[in-house]
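Spelled out from the first residue to the last, the chains are:
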Amino acid sequence: MFRYVPLMLKNALRNRRRSTLTILSIAASLCLLGVMFALYRGLFLAPPKPGQELRLVARHKVSMTQPLPVSYEARIRQLPGVREAMVWQWFGGVYKDARDRRNFFARFCIEPDKLFRVRPELEMPDEQKRAFERLRTGAVASSDLAERMGWKIGERIFLTGDIYPVNPELTLVGIFKDPNTNETLFFSYFYLRELLGAGPRGDMVGTFQIQAENAEAVPRLAKAIDTMFENSTAPTKTETEQAFALQFVSFLGNIKLYLMIICAAVTFTILLVSANTMAMSVRERVREIGILKTLGYTPGAILFMILGEAGVIALMGGALGLLLASGMTAALRQGPTFVGAMRTLSITPDVGALSLALAFLIGVGSSLIPAWNAARTSILEALRDSG
Amino acid sequence: MTETVIQTRDLTKEFIRDEFHVVALKDANLEVRKGEFVALMGPSGSGKSTLLHLIAAMDRPTDGEILVLGENLRSLSDRAIARWRNEHIGFVFQSFNLIPVLTAIENVELPLKLTALKKKERMEHAATALKLVGLGDRLGHLPRQLSGGQEQRVAIARAIVTDPDLILADEPTGNLDAQSAQEILTLLGRLNKEFGKTILLVTHDPHAARFASRIRHLEKGELLPEGQVPADYTVAPM
Chain A
1 MFRYVPLMLK
11 NALRNRRRST
21 LTILSIAASL
31 CLLGVMFALY
41 RGLFLAPPKP
51 GQELRLVARH
61 KVSMTQPLPV
71 SYEARIRQLP
81 GVREAMVWQW
91 FGGVYKDARD
101 RRNFFARFCI
111 EPDKLFRVRP
121 ELEMPDEQKR
131 AFERLRTGAV
141 ASSDLAERMG
151 WKIGERIFLT
161 GDIYPVNPEL
171 TLVGIFKDPN
181 TNETLFFSYF
191 YLRELLGAGP
201 RGDMVGTFQI
211 QAENAEAVPR
221 LAKAIDTMFE
231 NSTAPTKTET
241 EQAFALQFVS
251 FLGNIKLYLM
261 IICAAVTFTI
271 LLVSANTMAM
281 SVRERVREIG
291 ILKTLGYTPG
301 AILFMILGEA
311 GVIALMGGAL
321 GLLLASGMTA
331 ALRQGPTFVG
341 AMRTLSITPD
351 VGALSLALAF
361 LIGVGSSLIP
371 AWNAARTSIL
381 EALRDSG
Chain B
1 MTETVIQTRD
11 LTKEFIRDEF
21 HVVALKDANL
31 EVRKGEFVAL
41 MGPSGSGKST
51 LLHLIAAMDR
61 PTDGEILVLG
71 ENLRSLSDRA
81 IARWRNEHIG
91 FVFQSFNLIP
101 VLTAIENVEL
111 PLKLTALKKK
121 ERMEHAATAL
131 KLVGLGDRLG
141 HLPRQLSGGQ
151 EQRVAIARAI
161 VTDPDLILAD
171 EPTGNLDAQS
181 AQEILTLLGR
191 LNKEFGKTIL
201 LVTHDPHAAR
211 FASRIRHLEK
221 GELLPEGQVP
231 ADYTVAPM
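Chains as they are written, first to last, in the numbering used here: chain A, 1 to 387; chain B, 1 to 238.
FYI, nobody ran anything at the bench for these hints, they're computed from the structure.
The C-beta atom is built at its ideal place from N, Cα and C for all residues, glycine as well.
Computed Cβ-Cβ distance ranges for the label pairs, DEER-style:
1) B:ASP163 <-> A:LEU272: 45 to 51 Å
2) A:ILE369 <-> B:ALA116: 30 to 36 Å
3) B:PRO100 <-> A:THR181: 52 to 58 Å
4) B:ALA116 <-> A:THR181: 55 to 61 Å
Please model the complete structure; the sequences and the hints are all you need to start from.
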């Protein structure tokens, strides 16, 4: 069968303008499909990021906007299988000018002495860790954030509260490396409580982050924490950090469904483009197919050649589309986003292989009917065709 | 005794076209022996091409028997017929029918792709066939870069490259100027005389038919007895 490949390739490119336009159409569709697949994979199928495997997040069962008593932390820490637990409070607020999107980055209140035990994937020099624990108004930033903002150790950072009616005045005492390239600023939860003063608000927090001792303990802990607070006034919902992060995506709607609909539409478009091209291409060559049959080519060989030709065109379009998709994902990685998966969005080998396989199958599938008809055409009928 | 290459007995082909019952060929009895060069002559619609197509197993008869190279074509499957055609038949068309995206040598190589020959061997065979038809210097030319006569010679090279037992030529000079037609007919004559190829030539041109060793005439779907010509048949002077 491989001896037919040169003829297949020549036929695929015989009408260069049409083939080029078809390849470009498929490339455009495949580019979109590749990005959608990459997004789907990043959001729903990606393995846990470094450090995420053993981390749990406990929030209020009703909604993450409902607070939990800070006293839960001590009780959670007592559970067997918990290595560490700490407050994880979104501060929000405004840095300089909120209208400038470059000033947007994540700001969390945490417990400085526990941060690097709950998030062991973060790396920071020991003296900076000690400084962070010592200085109540100290803050630490990820190296990606510090680099983008041009911050150095000792930088004064002023935040204006929006969720909380306080304006922290922070000093950057450490810059940590985050393998997940998040742009995050951490400062002390105790400093926030101090600013809030006496009152119930300081005793309530948004979530707790828990580091389990091992992977086996993770599901057990999630259940144990929720059971422990089941009958309290603030019941919890505990889940892995990965599952917790996906909730933010769900705010946008049923992303899975959206992605699937877009993918289906793109796939259908490629199918139409490819089917149209192959139908035209085969119709023009009915006579040649008759000649090949006269020379002894069987209907099976004819079928194989036409399907292969469609497959070649689809693969060329697919490969070009994936190149474009790689460029597009690189551009999306640089853009501002609150979804972590977007920062690592890329055309991974499995996404690339899936996209190419789909393109090939669509190409072959779309040409099945014209190829079948051509293969079944009788020699005399084919030779009578004027093209 | 000379081997019989083609033998038809009461061969009939009928078909329905636009609700009309058409008898394209009726009770045709033809025998062609090995090494013969036979011309089938007749006006348009006389059934000569139909007979050729039946002999090449490109069509199936309605009735009658047909034995080609000892094979009863009616008993073969489509797949077996395709293989048989590749091994035993060389076909030359009126309109050359070369694949436009392939070079001369690639066109000639096409039938060999169905054999067990390796690429190098196939190319050697194809080059030899092209040299035989006088196109040894046009191996890499595309059909559009060749004249009509040269294209037909490539088609002949393609027809002979598998060393077939029988060459079937359907109006091979119909699209050529007089000079090129003469060259093609001379080439076919050479293949018959020097290489012993059995040739069946369909033509309505009396001049072309003169290259054959035997002429059979058809009229209104009937193959006339040996030596008999249609009443209105006139032979143009050479």
